[in-house]
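Colleague: Build the full structure now, drawing on both the sequences and the hints.
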Amino acid sequence: MDHKKACNSSQELEVRKGPWTMEEDLILINYIANHGEGVWNTLAKAAGLKRTGKSCRLRWLNYLRPDVRRGNITNEEQLIIMELHAKWGNRWSKIAKHLPGRTDNEIKNYWRTRIQKHIKQADHHHNHQINVNHRQSSEMINDQGSTSSQLSSGTADAMESYSPRLTSYQGINYMDHHQTNINNNYPMVLPPVATSNIDQNYNWTMEDIWSMQLLNSD
DNA sequence: AAGAGCAACAACCGCCTTGAT
DNA sequence: TATCAAGGCGGTTGTTGCTCT
Numbered sequence: 000m001d002h003k004k005a006c007n008s009s010q011e012l013e014v015r016k017g018p019w020t021m022e023e024d025l026i027l028i029n030y031i032a033n034h035g036e037g038v039w040n041t042l043a044k045a046a047g048l049k050r051t052g053k054s055c056r057l058r059w060l061n062y063l064r065p066d067v068r069r070g071n072i073t074n075e076e077q078l079i080i081m082e083l084h085a086k087w088g089n090r091w092s093k094i095a096k097h098l099p100g101r102t103d104n105e106i107k108n109y110w111r112t113r114i115q116k117h118i119k120q121a122d123h124h125h126n127h128q129i130n131v132n133h134r135q136s137s138e139m140i141n142d143q144g145s146t147s148s149q150l151s152s153g154t155a156d157a158m159e160s161y162s163p164r165l166t167s168y169q170g171i172n173y174m175d176h177h178q179t180n181i182n183n184n185y186p187m188v189l190p191p192v193a194t195s196n197i198d199q200n201y202n203w204t205m206e207d208i209w210s211m212q213l214l215n216s217d
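Counted from 1, the first sequence has number 29 at position 30 by numbering that gives the first Met the number 0; the numbering is strictly sequential.
Fair warning: there could be bad hints in the mix.
Restricting the straight-line Cα-Cα distance to at most 16 Å, the calculated cross-link-like pairs of lysine to aspartate or glutamate (EDC-like) are [as the list claims (entries may be wrong)]:
hint, residue 1, residue 2
1, Lys49, Glu13
2, Lys96, Glu75
3, Lys53, Asp24
4, Lys44, Asp24
5, Lys107, Glu82
6, Lys53, Glu75
7, Lys49, Glu82
8, Lys53, Glu36
9, Lys93, Glu105
10, Lys49, Glu22
11, Lys107, Glu76
12, Lys44, Glu13
Ranges between beta-carbon positions, derived for each pair [unchecked claim]:
hint, residue 1, residue 2, range
13, Thr20, Arg69, 16 to 24 Å
14, Lys53, His97, 21 to 29 Å
15, Lys49, Leu78, 37 to 45 Å
16, Gly37, Arg68, 31 to 39 Å
17, Lys96, Gly47, 28 to 36 Å
18, Lys44, Arg90, 31 to 39 Å
19, Val14, Glu36, 29 to 37 Å
20, Gly35, Arg68, 19 to 27 Å
21, Glu13, Lys93, 32 to 40 Å
22, Glu22, Asn74, 37 to 45 Å
23, Trp87, Lys49, 36 to 44 Å
Everything labelled a hint here was simulated from the structure, so no lab data went into it. Glycine included, every Cβ here is placed at the ideal spot set by N, Cα and C.
Modeller: Rendered as structure tokens:
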């Protein structure tokens, strides 16, 4: 009795972390397809996933949802992001609502890794020019005093300063990138639904997985 | 060819809010 | 009204792949 209880509690404590495997993704997709979203902790247990509800929710919202758009942030989207960030600051989920298919996490990463970097570079360059030309008034230029709206005042500079590296980055085929991740991280054990489609040269995509699970669901 | 450094992204963490009891 | 669980959000970190030397 007590022993059984101890075993159960130790099993309950076993929580997986880190990258999701393809198996876990398929379990989550199938479960949501059949039972719907919501009550994530219960969902995680019921689906047999050794993940927290939070982890399941995040994985679904940011990655597995069929309507998630991935990669290739367009120039229009860039402008919207910069405009809305100037308006609202780091309200990523609010900004994401104005970019259909984009997630707050993706926008946040995009901002931090690219836009913010280029704005800082542009500000630095701008400040340097000002310091050279107007040393006496340099105390008026203060990085620490930059608010989000002030940062956004560097928008034009930032857009101008987008490096060739960024341009080439925009040309990256994200699905290829993702396929690489799948090949590296996911075990080569596919569920029965997928085995008939296994091809050594076939690159699996989430679209494939999603369409497969739709075909598989009754 | 190898390794160091960097960029990009996925995922986790902690805090806050909200809703149910 | 107080308490607790779940969800939502923003910040941060870890991992991976690419580029450069």
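Colleague: That 31 to 39 Å hint for Lys44 and Arg90 (C-beta), does it hold up?
Modeller: Distance hint for Lys44, Arg90 holds at roughly 32 Å.
Colleague: Holds or violated: are the alpha carbons of Lys107 and Glu82 at most 16 Å from each other?
Modeller: Holds. Lys107 to Glu82 sits at ~14 Å (cutoff 16 Å).
Colleague: Given the hinted pair Lys44 and Glu13, is their alpha-carbon gap at most 16 Å?
Modeller: Answer holds: Lys44 to Glu13 is near 12 Å, not above 16 Å.
Colleague: Verify the proposed pairing of Lys49 with Glu22, using a straight-line Cα cut of 16 Å.
Modeller: 12 Å, holds
Colleague: Take the C-alpha atoms of Lys49 and Glu82, compute the straight-line distance between them, and say whether it is at most 16 Å.
Modeller: 40 Å, violated
Colleague: Compare the distance between the alpha carbons of Lys53 and Glu36 with 16 Å, and conclude whether the hinted pair is satisfied.
Modeller: 12 Å, holds
Colleague: Against the 16 Å threshold, does the CA-CA distance of Lys53 and Asp24 hold or violate the hint?
Modeller: 14 Å, holds
Colleague: Assuming the hint says 32 to 40 Å, is it satisfied by the Cβ distance from Glu13 to Lys93 or not?
Modeller: With Cβ atoms ~36 Å apart, the hint holds.
Colleague: Per the hint of 29 to 37 Å, is the separation of the Cβ atoms of Val14 and Glu36 within bounds?
Modeller: 21 Å, violated
Colleague: Is Lys53 within 16 Å of Glu75, Cα to Cα?
Modeller: 32 Å, violated
Colleague: Does the Cβ-Cβ separation between Glu22 and Asn74 fall within 37 to 45 Å?
Modeller: Since the Cβ atoms of Glu22 and Asn74 sit about 38 Å apart, the hinted range of 37 to 45 Å holds.
Colleague: In this structure, is the beta-carbon distance linking Lys96 and Gly47 contained in 28 to 36 Å?
Modeller: The hint (28 to 36 Å, Cβ to Cβ) holds, given that Lys96 and Gly47 are roughly 33 Å apart.
Taken one by one, the earlier hints fail for this structure at numbers 6, 7, 16, 19, listed in ascending order.
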